[in-house]
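A.B. asks: Taken in order, these protein sequences are the chains called A and B. The opening position of the first sequence corresponds to residue 1 in the UniProt record's numbering, with each subsequent residue numbered one higher. The opening position of the second sequence corresponds to residue 1 in the UniProt record's numbering, with each subsequent residue numbered one higher.
FYI, nobody ran anything at the bench for these hints, they're computed from the structure. Keep in mind that the hints are not guaranteed to be accurate.
As the list claims (entries may be wrong) - Lysine to aspartate or glutamate pairs mimicking DMTMM-like chemistry, simulated, CA-CA at most 20 Å apart:
1. Lys158(B) x Asp204(B)
2. Lys102(A) x Glu99(B)
3. Lys65(A) x Asp26(A)
4. Lys65(B) x Glu99(A)
5. Lys296(B) x Asp268(B)
6. Lys69(B) x Glu99(A)
7. Lys65(B) x Asp19(B)
8. Lys102(B) x Glu99(A)
9. Lys69(A) x Glu99(B)
10. Lys166(A) x Glu155(A)
11. Lys65(B) x Glu110(A)
12. Lys29(A) x Asp74(A)
13. Lys166(B) x Asp220(B)
14. Lys65(A) x Glu110(B)
15. Lys285(B) x Glu25(B)
16. Lys142(B) x Glu155(B)
17. Lys102(B) x Glu73(B)
18. Lys296(A) x Glu318(A)
19. Lys151(B) x Glu194(B)
20. Lys65(A) x Glu99(B)
21. Lys156(B) x Glu130(B)
22. Lys281(A) x Glu271(A)
23. Lys69(B) x Glu99(B)
24. Lys166(B) x Glu248(B)
Said to hold, decoys possible - Away from chain A, derived, C-beta distances all over 12 Å, residues of chain B:
25. His145
26. Ser179
27. Thr181
28. Ala219
29. Asp246
30. Ala368
Backbone N, C-alpha and C define an ideal beta-carbon position, used for all residues, glycine too.
Protein chains: 2
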Amino acid sequence: MRLLHTADWHIGRRLHGFDLTDVQEDAFKQIEQIAIDEKVDGILLAGDLYDRGMPSENSVSLLNKMIQKLNLEDRLPIYAISGNHDSAIRLSTGAPWFEATKFYMATSIEQAFQPITVGNSQIFLLPYFEPFAAQQYFENEKITHLDQAVKAVVEKIKTLFDPAKKHILVAHFFVAGSSVTDSETQLSVGGLAEVPLSVLSDFDYVALGHLHGRQALQADNAAYSGSPVKFSLSEADQEKGVYILDTENMERTFKALQPLRDVTRLHDSFEKLTNPIYYEKIGRKDYFGITLTDTKPIPNVLARLREIYPNIVSLDREKGYQPSINPRSLNVKNQNPMELLDQFYESIAKEDLTEQQKKWAENALGKANREVQK
Amino acid sequence: MRLLHTADWHIGRRLHGFDLTDVQEDAFKQIEQIAIDEKVDGILLAGDLYDRGMPSENSVSLLNKMIQKLNLEDRLPIYAISGNHDSAIRLSTGAPWFEATKFYMATSIEQAFQPITVGNSQIFLLPYFEPFAAQQYFENEKITHLDQAVKAVVEKIKTLFDPAKKHILVAHFFVAGSSVTDSETQLSVGGLAEVPLSVLSDFDYVALGHLHGRQALQADNAAYSGSPVKFSLSEADQEKGVYILDTENMERTFKALQPLRDVTRLHDSFEKLTNPIYYEKIGRKDYFGITLTDTKPIPNVLARLREIYPNIVSLDREKGYQPSINPRSLNVKNQNPMELLDQFYESIAKEDLTEQQKKWAENALGKANREVQK
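So here's chain A without its partners, still in its complex pose:
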């Protein structure tokens, strides 16, 4: 059996104010095509379908369309769970009807104990949950942290193991030791919200959601598929895609997606970035995080760059505007105001005051002094 593993669609997400709808739609179409080309037997969708618990009507419409396409038109079974960004209650709407077409949408902890047997495997769907939900479910007040909660869940799941089958878990949490990016919401609020990999060792494969980079975890029997779309500049260098899992040997193959608009860093001088010879070679519609090597002030820098690169998500200077002299080390009280201004201007603008600027400053200082003496 072949399964496609994806997660963290975050429908409705924005990137520094930019609407990602068409990028997400395009990534979806690629995922659908991969599912068809690879003749998969189902989709593992490991949580964070929406970016927020109260998604907009546009987001609801978009996700509904995607799920209907996969499940009703392409007739692909879907094994889905809710993530920490989803409202479990909202996402559960209609779920009892969905199973008739093999769309399994698990949103509460007890559903983890209703394995779906398909092909050579048992699939367990464990949605994102708070330790408190496990405390209630197991009636055990000692469960206060996520690692304890997942351990209890896994112990119970193991009692349901059919030894003749492979065991696949779909889950949404942070596995201890994984590396993070800027775009994931930290799960831990005053608690240890990490699950040690060892807790998951009895599964043949754990299809994880939550972390947005597939490199976040290096493990034989567990992987984050990562998000299909880059959600922050810190993901600029990641390759996004999905896994195809072969349940015979539990080998996974990564299938990359080509972003409609990539998230890219540019690091160069203003002169070079605004030179057609440079920018005509690159995809100017990408989302750019630009770091300028310039030190001098550049009037209207953002507006001028946006004429060339319409989707700038951040702009900074390599060396910042850090003054080269620490102002606190200056003996300020004993210095001539014009000298101080001169030094200050030089430290910020990396150039000297012009003669005209000096004249203006001297006039202003003279006027200010006369006011004080009155």
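Please build the complex by placing chain B on the supplied structure of chain A, with the hints as guidance.
C.D. replies: Okay, now just chain B, sitting in the frame of chain A:
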């Protein structure tokens, strides 16, 4: 065939700040019981399932439970439409799956032209829609008002009529000449949002939603079921319930619901309302709109009444606090301050200042005068 006609559940609605969840749940259970007792073949649910387009998680959970109970457990077909309070997009979530169990959830105008043939009838589901949607659907920019829009829709529906069948329409709009209460949202925003009854004359029955009182419209072939719960004081005297429609003769029978907590007006003196002989005979947990006949000030009146009637939704005076003398007619500048106070107090409190009150006022006035003269 027998159908139950209900509408305007408005799950999530509050009554002057009071949560109606348990009242709505109780009304639902009664509706379910009527459906079972009357052995109906289906439920017509004519819009405004939710009170708002973005319902809370509690509301989503409650409505999901109700629909699942009726359709999946009781195996009752449901013929539902979205109303002006619903988000059509949100309510459409899962709809393509629902039809497998005969739960029809229509949320867009084109679904009105997909009649469901069942028993001796064709059922047409016309959700609430804006005239603009009809303008787009019919590609006719002359459609700007609701009456024109519904007329165009009905003309098209009639081309789909099977002459061997009865024709039932489920719809959510304001029929011209109907009477309103305080709890319906006016549909008309700068447009004529009324549908003449004559437009509906070719239907054997029009199961309407939108107006909350079943008496709103008097017609042979069309009725508002009204809401199952009272949503305002102006509905205090209404009897709430559902219709049972017999599709053989198109006769409808009203089945009343008993409210868990009623909405009631009380109109009496404070003394009487706080007398156990009076209040121990009535359902003190009801929602009360109280009008006091008293004219004198009553300290802490609301708090004292709430000790007896915990759910007071409004409190006013029969005669208000209207002063009997128009203060503007007084020759204020030439009058003694004590006389003015005397007149003012009498006009508001309907009684004279006591000797003690006069003494306090004189002391205060004297002190104020001395301050001014300093």
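A.B. asks: A separate judgement is required for each hint: does it hold in the structure or not?
C.D. replies: Outcome of the hint check:
| no. | hint | result |
| --- | --- | --- |
| 1 | Lys158(B) x Asp204(B) | 12 Å, holds |
| 2 | Lys102(A) x Glu99(B) | 16 Å, holds |
| 3 | Lys65(A) x Asp26(A) | 13 Å, holds |
| 4 | Lys65(B) x Glu99(A) | 17 Å, holds |
| 5 | Lys296(B) x Asp268(B) | 14 Å, holds |
| 6 | Lys69(B) x Glu99(A) | 17 Å, holds |
| 7 | Lys65(B) x Asp19(B) | 18 Å, holds |
| 8 | Lys102(B) x Glu99(A) | 16 Å, holds |
| 9 | Lys69(A) x Glu99(B) | 17 Å, holds |
| 10 | Lys166(A) x Glu155(A) | 16 Å, holds |
| 11 | Lys65(B) x Glu110(A) | 17 Å, holds |
| 12 | Lys29(A) x Asp74(A) | 12 Å, holds |
| 13 | Lys166(B) x Asp220(B) | 15 Å, holds |
| 14 | Lys65(A) x Glu110(B) | 17 Å, holds |
| 15 | Lys285(B) x Glu25(B) | 17 Å, holds |
| 16 | Lys142(B) x Glu155(B) | 16 Å, holds |
| 17 | Lys102(B) x Glu73(B) | 13 Å, holds |
| 18 | Lys296(A) x Glu318(A) | 12 Å, holds |
| 19 | Lys151(B) x Glu194(B) | 11 Å, holds |
| 20 | Lys65(A) x Glu99(B) | 17 Å, holds |
| 21 | Lys156(B) x Glu130(B) | 17 Å, holds |
| 22 | Lys281(A) x Glu271(A) | 16 Å, holds |
| 23 | Lys69(B) x Glu99(B) | 16 Å, holds |
| 24 | Lys166(B) x Glu248(B) | 9 Å, holds |
| 25 | His145 | 25 Å, holds |
| 26 | Ser179 | 33 Å, holds |
| 27 | Thr181 | 29 Å, holds |
| 28 | Ala219 | 35 Å, holds |
| 29 | Asp246 | 30 Å, holds |
| 30 | Ala368 | 46 Å, holds |
No hint from the list above goes unmet by this structure.
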